[in-house]
Amino acid sequence: MCMFGVTQILPSTVTFLQIIKPISFFIMGGWLLCYYVDKSTPTTPLARKNLLFLLIVCGVLLADGIADIYYVIRMKPLMSVSCCATFFDVPLRPSAMIPQAIFGRNFQKILFIVYYVTNILLIALLFTSMSKKWVSVASLPRKIVLYSQYAIGIINIPVVIYTFIENIAPKLMQLPYHHCIYCFMGNGMVPDAPIMLGLFVIGTFAIGWMGILRLLCRDTGTQSVTEKLIIKVNNFSAFCLLASVIMVTIHLILI
Amino acid sequence: MTKKFWIGLIIVLIVALMGVSYQKFLKNPHCAYDGSSVIPIYEVDIVLKEKSTKKFCSIYCAVQWFKNNVKFVDHVIVTDEIRGNKIDSYMAYFVTSELITNETNDSRIHVFQQRQDAITHTEKFHGMMTDDPFSLDE
Numbered sequence: 718m719c720m721f722g723v724t725q726i727l728p729s730t731v732t733f734l735q736i737i738k739p740i741s742f743f744i745m746g747g748w749l750l751c752y753y754v755d756k757s758t759p760t761t762p763l764a765r766k767n768l769l770f771l772l773i774v775c776g777v778l779l780a781d782g783i784a785d786i787y788y789v790i791r792m793k794p795l796m797s798v799s800c801c802a803t804f805f806d807v808p809l810r811p812s813a814m815i816p817q818a819i820f821g822r823n824f825q826k827i828l829f830i831v832y833y834v835t836n837i838l839l840i841a842l843l844f845t846s847m848s849k850k851w852v853s854v855a856s857l858p859r860k861i862v863l864y865s866q867y868a869i870g871i872i873n874i875p876v877v878i879y880t881f882i883e884n885i886a887p888k889l890m891q892l893p894y895h896h897c898i899y900c901f902m903g904n905g906m907v908p909d910a911p912i913m914l915g916l917f918v919i920g921t922f923a924i925g926w927m928g929i930l931r932l933l934c935r936d937t938g939t940q941s942v943t944e945k946l947i948i949k950v951n952n953f954s955a956f957c958l959l960a961s962v963i964m965v966t967i968h969l970i971l972i
Numbered sequence: 023m024t025k026k027f028w029i030g031l032i033i034v035l036i037v038a039l040m041g042v043s044y045q046k047f048l049k050n051p052h053c054a055y056d057g058s059s060v061i062p063i064y065e066v067d068i069v070l071k072e073k074s075t076k077k078f079c080s081i082y083c084a085v086q087w088f089k090n091n092v093k094f095v096d097h098v099i100v101t102d103e104i105r106g107n108k109i110d111s112y113m114a115y116f117v118t119s120e121l122i123t124n125e126t127n128d129s130r131i132h133v134f135q136q137r138q139d140a141i142t143h144t145e146k147f148h149g150m151m152t153d154d155p156f157s158l159d160e
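Residue numbers (this note's numbering), protein chains in the order written: chain A, 718 to 972; chain B, 23 to 160.
Worth double-checking, as some hints may not be accurate.
Claimed, not checked - Straight-line distance between alpha carbons at most 30 Å, and here's what the computed BS3-like set of lysine-lysine pairs gives:
1. K849/A <-> K25/B
2. K26/B <-> K756/A
3. K850/A <-> K77/B
4. K860/A <-> K850/A
5. K93/B <-> K826/A
6. K71/B <-> K93/B
7. K26/B <-> K949/A
8. K49/B <-> K25/B
9. K949/A <-> K25/B
10. K89/B <-> K108/B
11. K826/A <-> K888/A
12. K46/B <-> K826/A
13. K49/B <-> K89/B
14. K826/A <-> K756/A
15. K888/A <-> K93/B
16. K860/A <-> K93/B
17. K826/A <-> K849/A
18. K73/B <-> K826/A
19. K945/A <-> K26/B
20. K77/B <-> K888/A
21. K860/A <-> K25/B
22. K93/B <-> K77/B
23. K46/B <-> K945/A
24. K738/A <-> K849/A
25. K25/B <-> K756/A
26. K77/B <-> K89/B
27. K888/A <-> K25/B
28. K108/B <-> K793/A
29. K77/B <-> K146/B
30. K850/A <-> K25/B
31. K71/B <-> K888/A
32. K108/B <-> K849/A
Unchecked claim - Covered, in the sense of this in silico footprint (three residues per stretch, anywhere, with C-beta under 8 Å from a C-beta of chain A), are these stretches of chain B:
33. 24–35
34. 40–46
35. 61–74
36. 101–115
Simulated from the structure, these hints should not be mistaken for laboratory data.
Positions of the beta carbon are idealized from the N, C-alpha and C atoms, including for glycine.
Full structure from sequences and hints, please.
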C-alpha cells in the first residue's frame, strides 16, 4: 500500500489527523518559545499565561492522540483502497480546479510565478526586519511590514501547496502526469523532498511563532528577552524559507 | 546576516546538489543498449534467466536488445507512465502515438498500467493500442 492508500483507510479520521498534526506542532512550538521567555526572566511573569496556553496545547495534543489511537484500532488488515493516481491525476482534481478557477486555463505557469513572487516578497519582508535600521523605523511602517508578513505568510501556504502538487512534484519526480505529493515525499525519487517541504513548514510556522511571542510576551517585564528571541526566530524563518526556495530552484534547474 | 546564516545556506546548497546528483547519476542508471541516461518514467527492465537485470531508456532500445537475446530473457518489467509503477509487460497496455518518448531514437511507444489511461492517451495523442512487444510466446 502506498502512502496515499494509508490515508484512504478511514478518510475522515485521516483528514482530521492531517489538519491537527501541523496545528499541534505549531502551538507546541509557540508554547515552548513562550516558556523559554518566561524561564529567562527570574520573576517568571508569564507563568499564568503559559499555564493557560499549556492547557490549550494539551487539549489539542489529547485530541491528536485520541484520533491516532482510534485510527490504529479501527484499521483492518487486507482493506482494499484506491491508488493515488485515481485522486491526484484526474483532470477534476481539487489542486487543479481551485487554481484554474482563480488564474484561468494557464494556471500552472501563473501559479509558478506566484510561488516565486510570494516567497521572495515574504523573504524580503523578513530580511527588512532583520536589518539594523529596523529598530529606528517608525511605528506605522513597522506595523505595515509585520502585518504584511502575516498576510503573505498565510497566502503563501496554499500557493506553495498547490505549486508543489501541480508543478514542482511532477517535474522533480520526472513523472509529468503524476501530481501525488505523498509519492513526492515518500517514495525516494527526490531524496531531499522532505527537507524542502520541512524548511517551508518551519519557516512559515516561525512567522506565526513570532506573532504568538508578540501577542503573549510583549507587555510584561520580558520585553528585552522577547525582542531578542523574536529577532532570532525572524532570522530562522528567513533562513528556512530562503533555503527551501533555493533547494527547489536548484532541482528545477539541474534536473 | 550572521556567519551561521551563510554556513546554513551553504549546507542547504550542498544537500540540494547531492539530491540532484543522486537523482541524475546514482538513481538513474544508463541504458544497456545505447548508454543514455534512463529516465524513471520510461524505464524498461529485462530480467534474465540468470537473474541479472538489464535496464533500458525506452521501449525501442529494450525491443532492439530483446530481439537478439530473447533466449536469455526470463521476463520484462515496464514502467507505467502515469504513476511510475513497475509492472510485468504482459499486464501492461502499449500505445503507439504521435508523442515521442525518446528523441534520440524516435520511440513513440507508451506504457500504461490501466486501460483507461491508455485509451485517454490514444485519444489525446492520436495513437493506437499495440501488442506487447516483449511477448515470450513460442
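Each hint, compared with the structure:
1. K849/A <-> K25/B: holds, 16 Å
2. K26/B <-> K756/A: Holds, because 25 Å separates the two Cα atoms, which is no more than 30 Å.
3. K850/A <-> K77/B: violated, 59 Å
4. K860/A <-> K850/A: holds, 15 Å
5. K93/B <-> K826/A: violated, 49 Å
6. K71/B <-> K93/B: Holds, because 9 Å separates the two Cα atoms, which is no more than 30 Å.
7. K26/B <-> K949/A: Within the cut-off at roughly 12 Å; holds.
8. K49/B <-> K25/B: violated, 34 Å
9. K949/A <-> K25/B: holds, 14 Å
10. K89/B <-> K108/B: Satisfied, since the Cα-Cα distance of roughly 21 Å is no more than 30 Å.
11. K826/A <-> K888/A: Holds - the C-alpha atoms of K888/A and K826/A are around 13 Å apart, at most 30 Å.
12. K46/B <-> K826/A: holds, 25 Å
13. K49/B <-> K89/B: holds, 27 Å
14. K826/A <-> K756/A: violated, 48 Å
15. K888/A <-> K93/B: violated, 38 Å
16. K860/A <-> K93/B: violated, 76 Å
17. K826/A <-> K849/A: Violated: K826/A and K849/A sit about 37 Å apart, past 30 Å.
18. K73/B <-> K826/A: Violated: K73/B and K826/A sit about 45 Å apart, past 30 Å.
19. K945/A <-> K26/B: holds, 16 Å
20. K77/B <-> K888/A: Cα-Cα ~22 Å, so holds.
21. K860/A <-> K25/B: holds, 29 Å
22. K93/B <-> K77/B: The hint holds at about 17 Å.
23. K46/B <-> K945/A: Violated, at about 43 Å.
24. K738/A <-> K849/A: violated, 36 Å
25. K25/B <-> K756/A: holds, 28 Å
26. K77/B <-> K89/B: Between K77/B and K89/B the Cα gap is close to 15 Å, so the pair holds against 30 Å.
27. K888/A <-> K25/B: violated, 33 Å
28. K108/B <-> K793/A: It holds: about 27 Å lies between the C-alpha atoms, which stays within 30 Å.
29. K77/B <-> K146/B: holds, 29 Å
30. K850/A <-> K25/B: Holds, at roughly 19 Å.
31. K71/B <-> K888/A: Violated, at about 35 Å.
32. K108/B <-> K849/A: Outside the cut-off at roughly 56 Å; violated.
33. 24–35: holds (count 6)
34. 40–46: Coverage by chain A holds for the stretch 40–46 of chain B (6 residues, Cβ < 8 Å).
35. 61–74: holds (count 3)
36. 101–115: holds (count 4)
When the structure is compared with the earlier hints, violations turn up for hints 3, 5, 8, 14, 15, 16, 17, 18, 23, 24, 27, 31 and 32 and for no others.
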